[in-house]
Structures are given as C-alpha cells and as structure tokens.
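For what it's worth, the numbering used here labels the leading residue of the sequence shown as 41, then goes sequentially.
Careful: at least some of the hints might be erroneous.
Estimated spans, in silico, between C-beta atoms of each pair [stated by the list, open to error]:
(1) Ala70 - Val147: 13 to 23 angstroms
(2) Glu124 - Thr152: 34 to 44 angstroms
(3) Arg84 - Gly115: 32 to 42 angstroms
(4) Asp119 - Gln142: 30 to 40 angstroms
(5) Asp119 - Val69: 24 to 34 angstroms
(6) Ala71 - Arg146: 35 to 45 angstroms
(7) Arg61 - Arg111: 27 to 37 angstroms
To be clear, the hints were calculated from the coordinates, so they are not data collected in a lab.
For glycine and all other residues, C-beta sits at the position ideal for the given N, C-alpha and C.
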Amino acid sequence: MSRQQPEGDRGLNPDDPLAQRLARARAEVAAAEAAVARAEERLRDFSAVALSEDGAVEATVGAQGELTGLRFLHGKYRDMTGTELGAAVVEAVRQGRDRAAQEAVRVFRPLTGPTERVPELSGLDVDWERFLSRHDDAPGRPARPRPSAGSRLRDEIHEDGEHDTEGPQR
Numbered sequence: 041m042s043r044q045q046p047e048g049d050r051g052l053n054p055d056d057p058l059a060q061r062l063a064r065a066r067a068e069v070a071a072a073e074a075a076v077a078r079a080e081e082r083l084r085d086f087s088a089v090a091l092s093e094d095g096a097v098e099a100t101v102g103a104q105g106e107l108t109g110l111r112f113l114h115g116k117y118r119d120m121t122g123t124e125l126g127a128a129v130v131e132a133v134r135q136g137r138d139r140a141a142q143e144a145v146r147v148f149r150p151l152t153g154p155t156e157r158v159p160e161l162s163g164l165d166v167d168w169e170r171f172l173s174r175h176d177d178a179p180g181r182p183a184r185p186r187p188s189a190g191s192r193l194r195d196e197i198h199e200d201g202e203h204d205t206e207g208p209q210r
C-alpha cells in the first residue's frame with residue numbers, strides 16, 4: 041500500500057532534502073499568512089490623534105490615513121480667518137496621517153525580512169504605496185468600503201456649555 045503524496049509533491053520522497061525544504065517553506069508561508077492576519081487585525085482599530093500647532097484643531101485619522109474625526113477646540117476658530125483655520129485643519133490631518141503611516145510601517149516591517157528557518161524566502165513584499173495610499177478611489181486601485189451612515193464623520197463643533205440652535209449663517 042503506497043502513501044498518498046500531497047498534490048504538489050508527487051514524485052518527491054518525504055525523506056528527500058528537497059521535500060523537507062519544501063515542507064519547511066510551506067510551513068513558513070502559513071506562519072507568514074497568520075502573522076499578516078494578526079498585523080491587519082492590530083491596525084484595523086488603530087487611530088492616531090493629532091493637534092494643529094496652535095491647538096485649535098484636533099484630527100483623528102485611521103490606519104490608512106482616512107479622516108475619522110475632526111474637532112475645533114477652545115473656540116479658537118472664532119478668531120481665525122478661513123485660511124488660518126483651513127491651514128490648521130490640513131496640518132492636524134497631515135500629522136495624524138504621518139503617525140498612522142509610521143504605525144503601519146512599525147507593524148509590518150518585521151514581516152518584510154528573510155526568515156531564519158527558510159532563508160530562501162525573502163519575506164513579504166509589501167506594496168507600501170498602495171497600503172499607505174492617502175487617496176480614496178485612486179485610478180487603478182480598488183475602492184475602499186465607505187463608512188456606514190452611523191459612523192460617518194459629522195461636522196459638529198463641540199463647545200463647553202454652548203448649544204447652537206440656529207442654522208448656519210449665510
């Protein structure tokens with residue numbers, strides 16, 4: 041009675057060094073896939089919070105640089121021109137995106153080097169540009185899922201003890 045070989049190993053003797061290397065490589069690939077899944081899970085709920093230099097704006101950014109929250113702090117926006125406020129928003133979002141990118145690189149970098157057990161495998165080839173892309177629905181890239189209605193960013197200005205009952209001034 042002959043022992044069945046796995047589909048890709050037909051003709052290889054399990055005692056053959058090549059078969060053993062192939063088995064180690066498969067185990068290493070499975071371990072790498074599990075490590076990637078763990079890294080993705082760690083980043084799934086990641087967010088970075090950043091303040092503009094003047095402390096007027098706080099931006100919260102997700103792992104891929106998507107803006108998930110924006111707050112105007114301490115009423116400082118009232119004394120700012122539109123250009124100043126816009127610059128503060130851009131600055132806070134940029135800082136948040138930079139922190140998110142640094143975290144993604146920190147989490148995935150260990151997965152990109154060669155392994156000790158199977159040095160022939162060079163590690164994962166991470167497409168950093170795609171992963172860290174800051175553009176939604178860029179040409180040639182799959183569209184990212186949009187947030188649900190309940191999780192969309194809301195344009196609210198939170199002030200201590202103030203309630204704006206009037207609509208926007210025009």
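Against the structure, the hints come out as follows:
1. Ala70 - Val147: 13 to 23 angstroms: 20 angstroms, holds
2. Glu124 - Thr152: 34 to 44 angstroms: About 41 angstroms separates the Cβ atoms of Glu124 and Thr152, which means 34 to 44 angstroms holds.
3. Arg84 - Gly115: 32 to 42 angstroms: Hint holds: Cβ distance 35 angstroms, inside 32 to 42 angstroms.
4. Asp119 - Gln142: 30 to 40 angstroms: Holds, at about 32 angstroms.
5. Asp119 - Val69: 24 to 34 angstroms: 58 angstroms Cβ-Cβ, so the 24 to 34 angstroms window is violated.
6. Ala71 - Arg146: 35 to 45 angstroms: Between Ala71 and Arg146, where Cβ atoms are some 20 angstroms apart, the hint is violated.
7. Arg61 - Arg111: 27 to 37 angstroms: 55 angstroms Cβ-Cβ, so the 27 to 37 angstroms window is violated.
Hints 5, 6, 7 from the earlier list are contradicted by this structure; the remaining hints agree with it.
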